[in-house]
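**Q** Put together the whole structure using the sequences plus the hints.
Chains A and B, in that order, are what the protein sequence lines are.
Using the numbering used here, read the first sequence as starting at 1 and increasing by one per residue.
Using the numbering used here, read the second sequence as starting at 1 and increasing by one per residue.
Worth flagging that the hints you see were computed from the coordinates, not collected in a lab.
Errors might be hidden in some of the hints.
For chains that are exact copies, the list does not tell them apart, and a pair is met inside one copy or across any two.
Pairs of lysine to any residue residues, derived as SDA-like cross-links and limited to a Cα-Cα distance of at most 20 Å, are as follows [what the hints assert, rightly or not]: (1) Lys164 with Glu194; (2) Lys178 with Thr153; (3) Lys178 with Arg157; (4) Lys178 with Glu39; (5) Lys74 with Ala50; (6) Lys74 with Lys170; (7) Lys178 with His56; (8) Lys178 with Ala141; (9) Lys178 with Val40; (10) Lys170 with Gln99; (11) Lys164 with Glu26; (12) Lys74 with Glu15; (13) Lys164 with Ala66; (14) Lys170 with Thr153; (15) Lys178 with Gly159; (16) Lys164 with Ala188; (17) Lys164 with Gly65; (18) Lys74 with Gln12; (19) Lys74 with Thr57; (20) Lys178 with Arg158; (21) Lys164 with Ala186; (22) Lys170 with His184; (23) Lys74 with Phe180.
All figures in this text were calculated on a predicted structure; none of them were measured in a lab.
Protein chains: 2
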Amino acid sequence: MTGYILDEATTQDIEREQATYGPIAEVLRELAEVSIRTEVAPEVAAEAVARLREVHTMLSAELGGASYGTRFNKEGFGRPWGNAVVGVRNPVAPPLDIQREDDGRIWADFVLGPQYEGPPTLVHGGVSALLLDQLLGEAAAHAGSPGMTGTLTIRYRRGTPLGKLHGEAKMTHTEGVKSFVSGHIADAEGVCVEAEGVFILPRWARGENNGKLRFD
Amino acid sequence: MTGYILDEATTQDIEREQATYGPIAEVLRELAEVSIRTEVAPEVAAEAVARLREVHTMLSAELGGASYGTRFNKEGFGRPWGNAVVGVRNPVAPPLDIQREDDGRIWADFVLGPQYEGPPTLVHGGVSALLLDQLLGEAAAHAGSPGMTGTLTIRYRRGTPLGKLHGEAKMTHTEGVKSFVSGHIADAEGVCVEAEGVFILPRWARGENNGKLRFD
Chain A
1 MTGYILDEAT
11 TQDIEREQAT
21 YGPIAEVLRE
31 LAEVSIRTEV
41 APEVAAEAVA
51 RLREVHTMLS
61 AELGGASYGT
71 RFNKEGFGRP
81 WGNAVVGVRN
91 PVAPPLDIQR
101 EDDGRIWADF
111 VLGPQYEGPP
121 TLVHGGVSAL
131 LLDQLLGEAA
141 AHAGSPGMTG
151 TLTIRYRRGT
161 PLGKLHGEAK
171 MTHTEGVKSF
181 VSGHIADAEG
191 VCVEAEGVFI
201 LPRWARGENN
211 GKLRFD
Chain B
1 MTGYILDEAT
11 TQDIEREQAT
21 YGPIAEVLRE
31 LAEVSIRTEV
41 APEVAAEAVA
51 RLREVHTMLS
61 AELGGASYGT
71 RFNKEGFGRP
81 WGNAVVGVRN
91 PVAPPLDIQR
101 EDDGRIWADF
111 VLGPQYEGPP
121 TLVHGGVSAL
131 LLDQLLGEAA
141 AHAGSPGMTG
151 TLTIRYRRGT
161 PLGKLHGEAK
171 MTHTEGVKSF
181 VSGHIADAEG
191 VCVEAEGVFI
201 LPRWARGENN
211 GKLRFD
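**A** Structure follows, in structure tokens:
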């Protein structure tokens with residue numbers, strides 16, 4: 001059991017799904033921010049809660065599986081849309097829109113609002129770890145050596161301010177089923193947080209196809 | 001500049017703030033889950049988005065500062081309510097309700113839904129890192145040695161299933177301004193992820209009071 005789902009979705013189906021449900025996650029991200037910042041009167045807050053409950057009832061009328069998983073169609077188009085970092089249907093995810101370069105480097109520019117705060121005005125150290133785990137894992141996959149995180153080491157060089165940030169990662173080398181990746185998050189002044197990770201190809205994904213993920 | 005806010009809020013003010021705004025974050029957490037799982041028709045999804053936009057406008061009528069920060073009142077009652085892990089006003093936070101024991105151990109029982117997914121049916125490795133960063137930092141603070149994360153090392157022993165989980169941490173020792181803390185996240189079968197962290201007291205918080213945080 002891989003938990004990965006190969007489905008019959010056409011490219012058109014996929015575009016329709018994103019156009020239908022993506023905007024729900026988008027407005028919920030904006031609501032997360034005002035949930036923290038709002039100072040409206042108690043009766044306004046109560047009215048907001050009542051309306052949000054109504055929307056919850058509307059959207060709950062038809063529910064899919066307990067979690068989204070990672071779905072692939074026959075063209076190999078992957079949809080990790082529930083993913084906590086890149087999931088376009090997940091309001092918890094910023095979401096990162098990761099770019100992949102031919103030289104193996106992957107990167108993303110993103111903005112973190114108040115829902116990612118740890119120390120006042122700074123990104124939560126654990127949020128940096130969360131984003132770096134995803135970036136490093138995607139760099140390993142982009143280099144042809146996908147895997148689950150084995151170890152992750154984060155070094156905090158200075159506080160990471162909320163706002164515009166840049167993240168990037170690249171695989172440095174492999175040793176058998178292990179991929180070694182490093183990366184960082186930076187603001188306009190330079191690197192704030194560095195990470196090194198070791199990713200390990202799960203046993204179920206190792207096969208005669210030399211370590212490529214199989215979905216057959 | 002510490003970014004920590006000492007305010008005039010009474011205990012009653014604080015209870016009123018939590019009762020007023022906490023439920024907004026609660027229903028937004030439930031909405032995050034259905035945002036990922038819903039399969040309603042496009043017109044229902046569009047109606048949901050329109051209604052969510054209205055609530056966004058309602059709540060945006062009066063906004064406080066750009067981020068919540070950490071507020072303290074004169075009784076020393078801290079409100080890290082925007083915090084990405086423990087913030088009761090933050091829909092991104094599960095939120096963890098951390099318990100503190102006399103022997104220095106801190107712990108929390110919590111449930112992670114589909115918005116914290118990485119690999120299919122499993123907690124995102126970075127989400128485990130996020131929660132462990134908070135748990136380890138709180139253990140350092142509980143032991144009297146608060147600080148910012150210096151380094152964080154996470155070892156993934158096996159996949160962490162979504163659902164009911166337990167996290168805990170304890171400071172092992174200090175060296176000057178550094179606190180060494182270890183912890184883990186476990187499910188009913190045992191430990192899934194282990195962490196070690198080094199927390200460093202920021203320069204601004206070191207003083208004649210022997211390293212205790214000062215808010216004067």
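**Q** For each hint, tell me whether it holds in the structure or not.
**A** Taking the hints in turn, this is what the structure says about them:
1. Lys164 with Glu194: So Lys164 and Glu194 pass the 20 Å test inside one copy only (17 Å; across, 31 Å).
2. Lys178 with Thr153: both (15 Å within a copy, 17 Å between copies)
3. Lys178 with Arg157: between (27 Å within a copy, 14 Å between copies)
4. Lys178 with Glu39: neither (50 Å within a copy, 38 Å between copies)
5. Lys74 with Ala50: Neither way: Lys74 and Ala50 sit 42 Å apart in one copy and 34 Å across, limit 20 Å.
6. Lys74 with Lys170: neither (28 Å within a copy, 48 Å between copies)
7. Lys178 with His56: neither (43 Å within a copy, 46 Å between copies)
8. Lys178 with Ala141: So Lys178 and Ala141 pass the 20 Å test inside one copy only (12 Å; across, 36 Å).
9. Lys178 with Val40: For Lys178 and Val40, neither the intra-copy (52 Å) nor the inter-copy (42 Å) Cα distance is at most 20 Å.
10. Lys170 with Gln99: within (12 Å within a copy, 39 Å between copies)
11. Lys164 with Glu26: within (18 Å within a copy, 28 Å between copies)
12. Lys74 with Glu15: Within one copy, since 15 Å is at most 20 Å while 54 Å is not.
13. Lys164 with Ala66: Between copies, since 14 Å is at most 20 Å while 33 Å is not.
14. Lys170 with Thr153: both (15 Å within a copy, 19 Å between copies)
15. Lys178 with Gly159: between (31 Å within a copy, 16 Å between copies)
16. Lys164 with Ala188: The answer is within: 8 Å in one copy meets 20 Å, while 40 Å across copies does not.
17. Lys164 with Gly65: between (34 Å within a copy, 18 Å between copies)
18. Lys74 with Gln12: within (13 Å within a copy, 59 Å between copies)
19. Lys74 with Thr57: The answer is neither: 34 Å in one copy and 42 Å across copies each exceed 20 Å.
20. Lys178 with Arg158: between (29 Å within a copy, 15 Å between copies)
21. Lys164 with Ala186: within (9 Å within a copy, 34 Å between copies)
22. Lys170 with His184: For Lys170 and His184, the Cα distance is within 20 Å only inside one copy (10 Å; across copies 28 Å).
23. Lys74 with Phe180: Cα proximity of Lys74 and Phe180: none, with 30 Å in one copy and 49 Å across.
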